[in-house]
Amino acid sequence: MSEQGPELASLTVGDVVASRAIELDRATLVRYAGASGDFNPIHWDEGFATEVGLPGVIAHGMCTMGSVIGVVTDWVGDPGAIVRYGTRFTKPVPVPARGTAVVDVVATVGAVDPDAGTVRVDLTVTHEDVKVLGRAQAVVRLA
Amino acid sequence: MANTQPDTAFAGREYPATEPYQVGREKIREFAAAVGAQHPAHHDIVAARGLGYPDLVAPPTFAVVIAQRAESQYVADPAAGIDFSRVVHADEKFEHHRPIVAGDELVTILHVDSVTQRASISMVTTRCEIFAAGTDGAAPGEHVATVTSSLVVRGEDS
Numbered sequence: 001m002s003e004q005g006p007e008l009a010s011l012t013v014g015d016v017v018a019s020r021a022i023e024l025d026r027a028t029l030v031r032y033a034g035a036s037g038d039f040n041p042i043h044w045d046e047g048f049a050t051e052v053g054l055p056g057v058i059a060h061g062m063c064t065m066g067s068v069i070g071v072v073t074d075w076v077g078d079p080g081a082i083v084r085y086g087t088r089f090t091k092p093v094p095v096p097a098r099g100t101a102v103v104d105v106v107a108t109v110g111a112v113d114p115d116a117g118t119v120r121v122d123l124t125v126t127h128e129d130v131k132v133l134g135r136a137q138a139v140v141r142l143a
Numbered sequence: 001m002a003n004t005q006p007d008t009a010f011a012g013r014e015y016p017a018t019e020p021y022q023v024g025r026e027k028i029r030e031f032a033a034a035v036g037a038q039h040p041a042h043h044d045i046v047a048a049r050g051l052g053y054p055d056l057v058a059p060p061t062f063a064v065v066i067a068q069r070a071e072s073q074y075v076a077d078p079a080a081g082i083d084f085s086r087v088v089h090a091d092e093k094f095e096h097h098r099p100i101v102a103g104d105e106l107v108t109i110l111h112v113d114s115v116t117q118r119a120s121i122s123m124v125t126t127r128c129e130i131f132a133a134g135t136d137g138a139a140p141g142e143h144v145a146t147v148t149s150s151l152v153v154r155g156e157d158s
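Chains as they are written, first to last, in UniProt numbering: chain A, 1 to 143; chain B, 1 to 158.
In case anyone wonders, no lab produced these hints; they're calculated from the structure.
Keep in mind that this is a model prediction, so the values were computed, not measured.
For glycine and all other residues, C-beta sits at the position ideal for the given N, C-alpha and C.
Each hint should be verified, as a subset may be incorrect.
[To be verified] Just so you have them, the derived chain A footprint on chain B, three or more residues with Cβ under 8 angstroms:
(1) 38-45
(2) 74-83
[As the list claims (entries may be wrong)] Derived PhoX-like pairs: lysine-lysine, alpha-carbon spacing no greater than 25 angstroms straight-line:
(3) A:Lys91 - B:Lys93
(4) B:Lys27 - B:Lys93
(5) A:Lys91 - A:Lys131
(6) A:Lys131 - B:Lys93
Go ahead and model the full structure; you've got the sequences and the hints to work with.
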């Protein structure tokens, strides 16, 4: 469906296809809580978060996961082309009361499957140089 | 809550299909805005139709909204023994058999794939199979998505 999107034949494993710095602040987390229905107070209540042993309010893992995939959507030009997407949540992203937490994402071609017409895009997602998502991979169908 | 651990007897359990979830345009726009997804197919019907879709396309992780509702049948059941203040999300996986679009009416069949314990750490894995709702109370139709989620539950002394 992505007529002007990337072409499978032109991609090689290891190609960096996109990168972005994403800023998360407390308002982002409140907005995500409302949009997703995940109202766990560790994502908005500092006192609660510290009582359960966290360094402070942390981002929803799903907020980070949902935010970083945008680089792949924008690269391929068609959100419906992302047929699989999975990750492990390896480290929390603390979000300060003022200012932002910056999450860096780099998208690299991890595998090309000409028979299936798909490419696996591997996402390296870090906060302050620490990996926060593990094995974050999206399989994208290219026309 | 006394030293509860997830009840391993729930492994293999399958729940009946949920009530239909109606995917709304404004919900797709709201969710897309929350994750900073600016692609026009999430926001602009003309753009979505230009890509061949009948309506706005949901972002790749939107199905979590539907899946978490279904999962609550299990994780919020006191008999399951899951102390949510001790839960950490371990991993999440989406498989889209076709994109979710505004106007979809979707039902979910929740499976508890595994409940395992090692020392005082437990891991539970759930799988939500999301289908187009059958019309007039018929059986679920087209298979739309599979959402797999694993939670780690820390015991009292960990």
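Against the structure, the hints come out as follows:
no., hint, in the structure
1, 38-45, "holds (count 4)"
2, 74-83, "violated (count 0)"
3, A:Lys91 - B:Lys93, "holds (17 angstroms)"
4, B:Lys27 - B:Lys93, "holds (21 angstroms)"
5, A:Lys91 - A:Lys131, "holds (7 angstroms)"
6, A:Lys131 - B:Lys93, "holds (18 angstroms)"
Hint check: a violation occurs at hint 2 only; the rest are consistent with the structure.
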